[in-house]
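Make a model of the complete structure from these sequences and hints.
2 protein chains.
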Amino acid sequence: MAEIKKVAVIGTGVIGNGWIARFLAQGHEVIAFDPAEGAEQRTRKVVDQVWADLEKLGTAENASKERLSFVPTIEEAVKEAYLIQENVPEREQLKKDVLASIDQYAQPDAIIGSSTSGIMPSTLQEGLTHPERVMVAHPFNPVYLLPLVELVGGKETSEEAIETAKAFYTSINMKPLVIRKEIEGHVADRLMEALWREALHLVNDGIVTTEEADAAIIYGAGLRWAQMGPFLTFHLAGGDQGMRHMLEQFGPALKLPWTKLEAPELTDELKEKVIEGCESHAGDTSITELEQKRNEFLVKLLDLVEDYWPASKI
Amino acid sequence: MAEIKKVAVIGTGVIGNGWIARFLAQGHEVIAFDPAEGAEQRTRKVVDQVWADLEKLGTAENASKERLSFVPTIEEAVKEAYLIQENVPEREQLKKDVLASIDQYAQPDAIIGSSTSGIMPSTLQEGLTHPERVMVAHPFNPVYLLPLVELVGGKETSEEAIETAKAFYTSINMKPLVIRKEIEGHVADRLMEALWREALHLVNDGIVTTEEADAAIIYGAGLRWAQMGPFLTFHLAGGDQGMRHMLEQFGPALKLPWTKLEAPELTDELKEKVIEGCESHAGDTSITELEQKRNEFLVKLLDLVEDYWPASKI
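Top line first, the protein sequences correspond to chains A and B. For the first sequence, counting from 1, position 59 maps to 59 in the numbering used here; every step adds exactly one. For the second sequence, counting from 1, position 222 maps to 222 in the numbering used here; every step adds exactly one.
Among the hints, a few may not be true.
Identical copies look the same in the list; a pair holds intra-copy or inter-copy alike.
[Said to hold, decoys possible] SDA-like cross-link-like pairs, simulated, lysine to any residue; straight-line CA separation at most 20 Å: (1) Lys273 - Ile207; (2) Lys56 - Asn295; (3) Lys6 - Glu76; (4) Lys181 - Glu66; (5) Lys271 - His201; (6) Lys6 - Ala60.
Read the hints as simulated data drawn from the structure, not as lab findings.
Encoded structure:
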């Protein structure tokens with residue numbers, strides 16, 4: 001049986017509750033704080049609702065919905081916590097104030113992860129007593145099912161804290177992606193936001209409805225992106241030569257008005273970064289082997305989604 | 001047994017061969033033309049390679065790899081075809097020349113679909129004798145597995161031809177998305193290209209490697225996008241109030257430098273379009289029901305991808 005850790009969750013909206021469900025399902029003890037009236041009741045309802053799904057996916061041996069308590073102050077929530085997850089509304093000053101309280105009452109070596117979508121960790125850790133253990137730990141909705149968590153350290157975050165956090169989030173069945181440079185919106189939201197902004201343009205210009213834009217993703221790229229991201233997908237679209245051929249063939253499209261987003265100049269340096277990235281990612285696996293694996297996956301996925309696609313009626 | 005139709009495929013690169021495998025698996029007869037040396041041999045190899053996957057997914061009763069022939073001229077390929085799929089390289093003049101030949105020799109009521117990624121149908125049909133049956137029919141790689149096909153008519157395309165094409169592509173297990181306005185890159189590629197351009201910026205700016213960018217999609221949004229597109233996904237992220245709440249909460253982020261793409265102004269009109277689009281898409285299904293369905297799907301998908309994810313080693 002894995003060690004039961006005390007985890008504090010500060011702020012129990014959609015994201016905070018998602019974290020709570022995941023922490024409980026992975027067998028940890030959760031101490032939660034949220035000043036809103038009825039917060040505890042709402043959290044327990046969410047946990048009840050999603051517990052069956054979590055059990056289907058596989059919970060830890062010692063998982064229990066009962067290992068959750070709400071306390072009336074931040075101090076009580078964080079004082080014995082191994083890790084503190086902050087999920088208050090996305091307002092910079094509010095987050096900084098809450099983090100200052102957490103920093104004051106937490107054990108000096110407790111990890112503090114902020115779920116912020118866009119604020120940079122160096123901003124969040126300004127003026128804290130122990131800034132070295134503060135970082136962005138940005139999850140994706142629904143947090144209790146999606147494995148991605150972006151870990152971004154600020155100027156004062158220690159390597160050690162990042163490593164400890166990475167090990168912890170991995171231990172609760174997540175896929176931590178350590179991002180080495182701070183940037184507005186981190187990485188995943190920037191990619192999603194680019195697509196989202198173009199989708200809004202298409203709706204705004206009367207080209208498609210929202211449902212049609214959704215269909216344009218679901219039945220094409222969406223299926224592939226559950227297994228491979230944009231780079232490896234294009235690596236396979238390039239035939240035996242992979243990304244090298246792909247950039248020759250579709251590189252010029254970067255200059256076409258295919259989106260309202262300006263593309264970067266496709267310099268030799270960028271080309272090599274992209275090609276080498278894909279080749280190193282693929283390693284010893286040939287394009288043909290990657291294709292076979294993709295096909296096997298897609299066949300099974302297509303079979304699975306038949307029952308769930310009517311979410312799009314087009 | 002469904003009627004066996006004669007389908008012509010002009011140009012047998014990655015996309016043309018993908019079409020051939022799909023047409024054959026759906027029980028049709030394919031007459032192919034490609035002037036390149038060894039083209040027939042390459043096509044037959046691809047069909048052999050993917051046939052087992054297609055059988056797993058379910059082929060038509062009368063499906064046969066043998067119902068494929070290569071002919072030495074466009075005339076012979078198209079003269080008796082019910083539908084002609086054009087997949088020659090993405091060069092405007094080349095496509096126009098090939099389409100002129102197809103138009104000359106095809107039956108006057110045969111449907112002509114171009115697989116072009118970016119050229120507008122009005123450009124492709126200029127100067128043809130029967131332009132009313134010419135349209136863009138843009139598929140996604142791998143064509144034999146992914147169901148999306150964008151149908152875009154030009155100025156001279158008839159409603160009737162679009163309806164006929166829609167029925168045909170539906171009959172071969174595809175999800176045709178009829179796009180009512182011509183635009184560079186159509187719709188799906190614009191959405192993908194926006195994400196792709198931002199991904200290239202992130203690699204170019206040294207924020208992530210290509211593999212990390214892939215992971216940022218795979219383990220988060222990619223899982224959701226196999227079932228729901230960006231709009232319905234955000235509709236669910238907004239809690240009980242759906243997209244209306246979501247736009248209040250994250251609308252302001254459109255002004256933040258989260259991508260290098262300029263977002264459209266979030267006018268009341270655009271807001272309403274987006275909110276009404278999502279609400280009409282969801283219909284009578286409540287957010288809670290949509291969430292339950294999404295969770296069921298994700299639990300099964302997570303189970304499935306465990307075996308296939310090592311494509312990303314992060």
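Hints and how they fare:
no., hint, in the structure
1, Lys273 - Ile207, "between (35 Å within a copy, 12 Å between copies)"
2, Lys56 - Asn295, "between (26 Å within a copy, 11 Å between copies)"
3, Lys6 - Glu76, "within (12 Å within a copy, 74 Å between copies)"
4, Lys181 - Glu66, "neither (39 Å within a copy, 55 Å between copies)"
5, Lys271 - His201, "between (29 Å within a copy, 12 Å between copies)"
6, Lys6 - Ala60, "within (15 Å within a copy, 56 Å between copies)"
Of the numbered hints stated above, the single one contradicted by the structure is hint 4.
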